[in-house]
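J.: Sequence:
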Amino acid sequence: MLGSGGSIPSPSRSVSCVGIRSEGKVFVFDACEGLQKQMMTYKLSYFKTAAIFISHLHPDHFLGIPGLVYTLQLGNYKGELQIIGPPGTGGIVESLLLDSAPDFVKVKEFGGEEVVYECDEFSVSAFKVKHTKHSYGFVLQENDKLKFYEDKAKALGIKGAQFKEIEKKGSVKVNGKTVRLEDVTWKKKGKKIVYSGDTIYDENLVINAKDADLLIMDATFIEKDREDADEKMHATAKDAAEIAKRAGCKRLILTHISNRYSGLDAHLEEAKKGFENSAVAKDGLEIDI
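Under the working numbering, the residues of the sequence shown are numbered 1 to 289, in order.
If you're looking for bench data, these hints aren't it; they were derived computationally from the structure. Hints are supplied without guarantee of correctness; some may be wrong.
[Claimed, not checked] Calculated pairs, SDA-like style, for lysine to any residue (alpha carbon to alpha carbon, straight line, at most 20 Å):
#1 Lys187 <-> Lys272
#2 Lys145 <-> Val105
#3 Lys272 <-> Ser171
#4 Lys245 <-> Gly284
#5 Lys191 <-> Leu98
[What the hints assert, rightly or not] Listed next, with one range per pair, are the computed distances between beta-carbon atoms:
#6 Glu231 <-> Gly284: 25 to 33 Å
#7 Lys224 <-> Tyr42: 25 to 33 Å
#8 Gly112 <-> Asn277: 25 to 33 Å
#9 Tyr42 <-> Gly157: 46 to 54 Å
Glycine residues also receive a C-beta, built at the ideal position from the N, C-alpha and C atoms.
Build the full structure now, drawing on both the sequences and the hints.
T.: Have a look at this one:
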């Protein structure tokens with residue numbers, strides 16, 4: 001959690017921002033102001049950043065882009081940085097980078113519920129939420145992984161390079177007998193991480209967060225400030241808990257906490273009443289999935 005606060009940073013919180021490390025690369029969801037410094041502070045390599053996903057075009061969700069890009073440029077960054085966001089993202093990036101974006105910056109806009117990024121390990125899909133006209137959450141879905149029943153495979157005589165051969169061909173001959181891939185393997189379900197972006201309670205979020213291993217959810221307010229939550233189109237801790245419960249999520253992290261709250265106890269208590277496996281994000285919180 002590179003940032004966990006609401007729209008304005010405070011001495012103890014940057015604004016909401018998530019970094020995910022996977023297979024030697026870094027993927028950022030919303031670009032908080034001072035993004036590169038947050039990455040330095042919490043030891044998430046900005047030189048390994050492959051993509052930034054922007055949930056909507058309020059400034060607190062994209063102001064970190066120019067600082068990070070400038071830092072990468074000074075460091076002779078050799079990769080490709082994809083900036084992926086809703087309609088208008090390209091214009092915002094051009095303005096932030098003064099119409100002189102380095103060649104390594106590639107902007108992709110999406111306009112609906114679709115897969116917006118794919119790699120060998122996972123895909124990222126966007127889904128609509130209720131905040132501004134073009135506001136989205138994201139689902140990071142890891143691909144299922146093929147696992148061997150090692151004892152069974154070895155008992156059938158499979159060893160060494162034959163493991164790769166059977167994965168590639170689907171079967172292998174061992175001691176005159178054909179062993180099929182499905183006889184010695186099983187599929188491990190890929191992990192699912194859902195990031196809500198800014199939103200009020202939304203049935204579409206319940207649908208897209210179904211069975212998530214982790215839901216990172218807007219909980220700007222608590223119920224005593226319900227009027228402000230509704231007016232500003234943000235969720236409460238109670239809303240987040242209800243979504244996590246109805247979606248069958250395994251774990252809930254509350255984020256985008258308003259600066260009006262000096263402590264986290266009220267958010268945590270409210271969330272745990274509806275969903276026990278809840279926690280409130282702090283800057284630097286690290287979660288292994």
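J.: Is 46 to 54 Å respected by the C-beta to C-beta distance linking Tyr42 and Gly157?
T.: Roughly 48 Å apart at Cβ, these two residues keep to the hinted range, so it holds.
J.: Check the following: the C-beta atoms of Gly112 and Asn277 are separated by a distance inside 25 to 33 Å.
T.: holds, 32 Å
J.: Below or equal to 20 Å on CA atoms is what counts here, so check Lys145 against Val105.
T.: Status violated; Cα separation ~31 Å.
J.: Is the gap between the beta carbons of Lys224 and Tyr42 within 25 to 33 Å?
T.: holds, 32 Å
J.: Between Glu231 and Gly284, is the Cβ distance one that fits in 25 to 33 Å?
T.: holds, 31 Å
J.: Hint check: Lys191 vs Leu98, CA-CA at most 20 Å. Holds or violated?
T.: Measuring from Cα to Cα gives roughly 39 Å; hence the hint is violated.
J.: For Lys272 and Ser171, compute the direct alpha-carbon distance and say whether it is at most 20 Å.
T.: At roughly 49 Å apart (the allowed maximum being 20 Å), Ser171 and Lys272 break the hint.
J.: Mind checking the alpha carbons of Lys245 and Gly284 for me, to see if they're no more than 20 Å apart?
T.: Status violated; Cα separation ~26 Å.
J.: Hinted pair, alpha-carbon criterion (20 Å max): Lys187, Lys272. Please report holds or violated.
T.: The given pair, whose Cα atoms are some 33 Å apart, is violated under the 20 Å limit.
Hints 1, 2, 3, 4 and 5, counting from the list given before, are not met by this structure.
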